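Engineer: Residue strings, one per chain:
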Amino acid sequence: MIQAENLTKVFQMGDSEVRALNGVSFNIRKGEMVAIMGPSGSGKSTLMSIIGCLDVPTGGRYILDGIAVENMDEGNLAEIRGRKIGFVFQQFNLLARTSALENVMLPLTYAGISGKDREDRAMNALERVGLGDRTHHAPNELSGGQQQRVAIARALVNEPAILLADEPTGALDSKTGVEIMQLFQNLHKGGGQTVIVVTHDSYVARHTDRIIKISDGHIVLDEVNHHPIQAGTPRPDEVL
Amino acid sequence: MLFSENFKIAIRALRANKLRSMLTMLGIVIGVATVVALLSIGKGATASITSQIQSTGSNLLTISPGRLQVGGGGQSQQMSHLYYSDYQLVQRSLSQNINAIAPSYQSSYLVKYGNESFNVSVQGVTADYQKTNSSNIALGRFITEGDNKSQALVAVLGSQTAEDLFGGLSPVGKMISVNGVRFEVVGVLESKGSGFGSSDDAIQIPLETGYGKLFGETATYNNKKIVNSISVSVSTTKAMDTVSAQIKFLLRRSHKLASSDESDFNVMNQADLLSTLSSVTQTLTAFLGAIAGISLLVGGIGIMNIMLVSVTERTKEIGLRKAVGATRNQILTQFLIETVTLSLLGGIVGILLGVGIATLVSATGLISSVITADSIALAFFFALLIGVFFGIYPAYRAANLHPMVALRYE
Numbered sequence: 009m010i011q012a013e014n015l016t017k018v019f020q021m022g023d024s025e026v027r028a029l030n031g032v033s034f035n036i037r038k039g040e041m042v043a044i045m046g047p048s049g050s051g052k053s054t055l056m057s058i059i060g061c062l063d064v065p066t067g068g069r070y071i072l073d074g075i076a077v078e079n080m081d082e083g084n085l086a087e088i089r090g091r092k093i094g095f096v097f098q099q100f101n102l103l104a105r106t107s108a109l110e111n112v113m114l115p116l117t118y119a120g121i122s123g124k125d126r127e128d129r130a131m132n133a134l135e136r137v138g139l140g141d142r143t144h145h146a147p148n149e150l151s152g153g154q155q156q157r158v159a160i161a162r163a164l165v166n167e168p169a170i171l172l173a174d175e176p177t178g179a180l181d182s183k184t185g186v187e188i189m190q191l192f193q194n195l196h197k198g199g200g201q202t203v204i205v206v207t208h209d210s211y212v213a214r215h216t217d218r219i220i221k222i223s224d225g226h227i228v229l230d231e232v233n234h235h236p237i238q239a240g241t242p243r244p245d246e247v248l
Numbered sequence: 010m011l012f013s014e015n016f017k018i019a020i021r022a023l024r025a026n027k028l029r030s031m032l033t034m035l036g037i038v039i040g041v042a043t044v045v046a047l048l049s050i051g052k053g054a055t056a057s058i059t060s061q062i063q064s065t066g067s068n069l070l071t072i073s074p075g076r077l078q079v080g081g082g083g084q085s086q087q088m089s090h091l092y093y094s095d096y097q098l099v100q101r102s103l104s105q106n107i108n109a110i111a112p113s114y115q116s117s118y119l120v121k122y123g124n125e126s127f128n129v130s131v132q133g134v135t136a137d138y139q140k141t142n143s144s145n146i147a148l149g150r151f152i153t154e155g156d157n158k159s160q161a162l163v164a165v166l167g168s169q170t171a172e173d174l175f176g177g178l179s180p181v182g183k184m185i186s187v188n189g190v191r192f193e194v195v196g197v198l199e200s201k202g203s204g205f206g207s208s209d210d211a212i213q214i215p216l217e218t219g220y221g222k223l224f225g226e227t228a229t230y231n232n233k234k235i236v237n238s239i240s241v242s243v244s245t246t247k248a249m250d251t252v253s254a255q256i257k258f259l260l261r262r263s264h265k266l267a268s269s270d271e272s273d274f275n276v277m278n279q280a281d282l283l284s285t286l287s288s289v290t291q292t293l294t295a296f297l298g299a300i301a302g303i304s305l306l307v308g309g310i311g312i313m314n315i316m317l318v319s320v321t322e323r324t325k326e327i328g329l330r331k332a333v334g335a336t337r338n339q340i341l342t343q344f345l346i347e348t349v350t351l352s353l354l355g356g357i358v359g360i361l362l363g364v365g366i367a368t369l370v371s372a373t374g375l376i377s378s379v380i381t382a383d384s385i386a387l388a389f390f391f392a393l394l395i396g397v398f399f400g401i402y403p404a405y406r407a408a409n410l411h412p413m414v415a416l417r418y419e
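Listed in order, the protein sequences are those of chains A and B. Quick note on the working numbering: the first sequence kicks off at 9 and runs consecutively. Quick note on the working numbering: the second sequence kicks off at 10 and runs consecutively.
These are calculated hints, taken from the structure and not from any lab test. The model shown is predicted, which means the values in this text are computed figures rather than measured ones. The beta carbon of each residue, even a glycine, is placed where N, CA and C say it ideally should be. It is possible that part of the hints are untrue.
Between beta-carbon pairs, the in silico distance windows are [what the hints assert, rightly or not]:
#	chain 1	residue 1	chain 2	residue 2	range
1	A	V26	B	A299	31 to 41 Å
2	B	F296	A	E87	47 to 57 Å
3	B	K325	A	K124	25 to 35 Å
4	B	T321	A	E87	24 to 34 Å
5	B	F398	A	H144	31 to 41 Å
Among the chain B residues that face chain A by a calculated CB cut under 7 Å, a handful are [as the list claims (entries may be wrong)]:
#	residue
6	A332
7	A335
8	M413
Model the full assembly from the supplied sequences, consistent with the hints where possible.
Structural biologist: Shown next as structure tokens:
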């Protein structure tokens, strides 16, 4: 699904160069649920933006679902984002004064789908996240958890190759955060959806099957998590 | 992506900041309203002047005093005079091709009837004035040659003057006082419509009566009676040039001008007058239009300013739209449509307001206005152009935001 070979990303900051990524290589197979971890400044966000086709690497190869992305221009990248990636953000990023249904329809609109088909698919996505009865509510009429579900429905509506979540529980209380992680796990197990969660929180990361740790632009750890936490079971520190 | 989707997004974005959108629109509203109103009033003025001149008869020559250079070298100028004797000379010498010759002298006086008094232009005229000026009598009779010969104290009122002094009553047979001299009203003229050079708010008296009993010394120069103008009604259009040349020849000789001197009088025909006046009104319309254009420009800058603010405020939204697959062109189109929607809404409101102003101005009767489809189309087109022109840059800024940077913008 994802093949990243020796990715580098260099930012020009005035006179000095900052190497945010310095030779990062990994593969992610279809249907995996992976956490990318690292403290701020580790290159985690840069890696996420390259995986999400929001940016291109300075060097190396990046193949997404069989498509070499590293040298694409912006127009093609936008199309790839629309078709292959479903984004979930920490701050939900829903359009204000716009109903849940219309928010979910947005990616389809940009993909040139309209009419009944678009509405049916958006409804279907909202039902998958358990919000079939909240379709005409605007974001300010929904709770934080519900807003994040709308955002997840929006990410799912194009049947993306990858669901890419950037700190998806960061703006939620722990109980709601657990519900969201449970939703990701269900999508992964039940629907075979490839999920990548970018987080600095190791508790969130331990809900996934595999953890990639990144520091100073290098991968410092890439291990299988044999006993992922089942969302909904008590947090270890709560047991103690 | 469909136009209607973009339009919906634009309306939603504009409604999100209602007050701001309305204030921004106001600039365009005022600009467009000014363009529409001024063009309509300009066209109306031109039309009323044209019809006024045409209504006074098409084969009319008007002789008026010209500028006279004194002292040579053009150091000083003064108005030359046209004399009653000039009129007599023309009348005596030219008989062919002429319907009527009418001299006139006019001055303003306080006219009283009962408790009503107004300052009115009093014109001393002869019987021929009615022919050259195409005036029709509404009540009573016009001034006759007999009135002139006997210096009769009679007056004919313009329709507006009659209305002002007498209200609805019939003025014929009543006595009015002009600068303290009592005149009997013998007739009232039909209205010729308001506008340039209208004689509706004037009074006509016999010219000889004026010289003898009213105008006094101001109407003489070197003991010669002066006139303000002499109107000559020519029988055919063909003969206009001939008659004009004959008049010039006669007057130059009687004014003792050398062949190198410029004439100290003008002989104007209707076409000359029309083109002179229409060039004046056209210049005026263009000038006012330019001012209106500047206010449109200022409105456009206001729109651009607000759109730039809006792009900055909505950086995150733009980032999200890009993340879910919006291309650069789709973002560009969206913001451009938003600006154009703003300017076109302003344009439509402005057109309605402009038409309203023009209609209101017409209704007051001071100036007539003509609202034409092309001035509305022009204003609409300008509003569109402003929207596109001032929308391009903000839309370009939005479209070129880097998606990652935009998403992280706080």
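Engineer: Please go over all the hints and tell whether each is borne out by the structure.
Structural biologist: Evaluation of the provided hints:
Hint check: V26 of chain A to A299 of chain B, Cβ distance near 54 Å, so the stated range 31 to 41 Å is violated. For the pair F296 of chain B and E87 of chain A, the beta carbons lie near 53 Å from each other, so the given range of 47 to 57 Å is met. A C-beta distance of roughly 31 Å is found between K325 of chain B and K124 of chain A, which places it inside the suggested range of 25 to 35 Å. For T321 of chain B paired with E87 of chain A, a C-beta distance near 27 Å keeps the hint of 24 to 34 Å intact.
At roughly 39 Å, the beta carbons of F398 of chain B and H144 of chain A sit within the given window of 31 to 41 Å. Here the hint on A332 of chain B is kept, as its CB sits about 5 Å from the closest CB of chain A, short of 7 Å. A distance limit of 7 Å between C-beta atoms decides the matter here; for A335 of chain B the minimum to chain A is near 5 Å, and the interface restraint holds. Hint status for M413 of chain B relative to chain A: holds, with the closest Cβ pair at about 4 Å, below 7 Å.
Of the hints listed earlier, the one the structure fails to meet is number 1.
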